[in-house]
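Protein chains: 2
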Amino acid sequence: MKMSSAAGSGRLIVVSGPSGAGKGTVCKRLIERRPEIALSISWTTRRQRPGDIPGQSYHFKSVEEFDALAAIGGFLEHAGMYGSQYGTPRPFIDENLAAGRDVILEIESKGARQVILGGEYEVVSVFLLPPSMEELKNRLKGRSSESEESFSRRFQSAYSEIDFAKEYDYIIVNSDVDQAVRALESVIDGSRFRTERAGELLKKLKEEPTP
Amino acid sequence: MKMSSAAGSGRLIVVSGPSGAGKGTVCKRLIERRPEIALSISWTTRRQRPGDIPGQSYHFKSVEEFDALAAIGGFLEHAGMYGSQYGTPRPFIDENLAAGRDVILEIESKGARQVILGGEYEVVSVFLLPPSMEELKNRLKGRSSESEESFSRRFQSAYSEIDFAKEYDYIIVNSDVDQAVRALESVIDGSRFRTERAGELLKKLKEEPTP
Chain A
-17 MKMSSAAGSG RLIVVSGPSG AGKGTVCKRL IERRPEIALS ISWTTRRQRP
33 GDIPGQSYHF KSVEEFDALA AIGGFLEHAG MYGSQYGTPR PFIDENLAAG
83 RDVILEIESK GARQVILGGE YEVVSVFLLP PSMEELKNRL KGRSSESEES
133 FSRRFQSAYS EIDFAKEYDY IIVNSDVDQA VRALESVIDG SRFRTERAGE
183 LLKKLKEEPT P
Chain B
-17 MKMSSAAGSG RLIVVSGPSG AGKGTVCKRL IERRPEIALS ISWTTRRQRP
33 GDIPGQSYHF KSVEEFDALA AIGGFLEHAG MYGSQYGTPR PFIDENLAAG
83 RDVILEIESK GARQVILGGE YEVVSVFLLP PSMEELKNRL KGRSSESEES
133 FSRRFQSAYS EIDFAKEYDY IIVNSDVDQA VRALESVIDG SRFRTERAGE
183 LLKKLKEEPT P
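Which chain is which? The protein sequence lines are A and B, in order. Residue 75 in my numbering sits at position 93 of the first sequence; the count goes up by one each step and never skips. Residue 2 in my numbering sits at position 20 of the second sequence; the count goes up by one each step and never skips.
You can take every hint at face value.
Note that identical chains are pooled: a pair holds if it fits in a single copy or bridges any two copies.
With a straight-line Cα cutoff of 20 Å, these simulated SDA-like cross-link-like pairs (lysine to any residue) come out:
no.	residue 1	residue 2
1	Lys119	Asp158
2	Lys186	Phe146
3	Lys186	Glu116
4	Lys188	Glu149
5	Lys186	Arg121
6	Lys10	Leu21
7	Lys43	Ser66
8	Lys119	Leu183
9	Lys119	Tyr141
10	Lys119	Lys188
11	Lys185	Glu149
Hint data in this document are derived by calculation from the structure and do not stem from the laboratory. Since we're looking at a predicted model, the values are computed, not measured.
Just chain A, with the same shape it has in the complex (with noise of 0.2 Å):
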């Protein structure tokens, strides 16, 4: 967590996890409760999957595109997974920090640690895990698109994530999703009053004329 900026400044609230944690349903849940934070959609190079909706799971992108924008520095993140690229565009980031909003980005391991390490903006990084190994291999198992390959690749890498937990601010387990949801609801709001974030005010009360 960084702790130079305001308190009544924007956040980047990272959510990562591995595959199957369920990090799309949850954030997605969260957005409709909470309408005011903001959530960034990421690029990919990866293929459209039958129930993608460009522009809302992902903005999908040539090669040449992303290239492009990683060329002039317009990605906040960007990592390599399973074959495509994935990126956090920042013109979007940026404007709405700076109105004062949360913005959600609900990314992969890699894109989380370059985010969380950077130290660029105030990041509140959550963790997302499922109750139990056994659970996850059920729902990467339900997942049509997965050939049994991609499943056990996307498996051995969720076992490996969980030693990079421990980097994350907050871990939720998502059992149940209403309750992922809530938990991630709490999260945000209570870590808005963590003592590192009062500095200014703090300083302010001392600075007041006393009577």
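Starting from the structure of chain A, add chain B where the hints point.
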């Protein structure tokens, strides 16, 4: 915040702040909204004031009774304030924490620091602030029980206490009681998901036999 306790166990929620910040009102309202949280009632040797309800505001005790409990280590913390003794009796705390309930301690700064630095329990510490020193002055003046001398002593003490705010995990400004209570609720709820509490959970996931 102590890191070692298990995710499901009760925590001490320490609420402190200068006289006039509104600790008592905020904690009382919180308990009405969240009856599953236990409120610790301090022992004190100070005289009962108009409006005090024995057993609700404080347990009013003689100096002898107080000293007897102190002598057997029966207080989690105790401290002198303006010539009287205040202390948090242990048995209530231990029973509730063991039953998995969070316990609120609404206590003065000296005692709060003993609990925070003690490291004996998992603590979430919250410092309550007035919106301005001017407003604090008005609140203290509004207390019918305050003499002019007592007022200026409390005001000077409040002014110095602000320097300790940074030792707490969270800072909440009490300009509106309802808002302050909701802020405290989100702090209590959100801090359950701090990564430091998830050690056991991560260990369990990694130890599951992989499919």
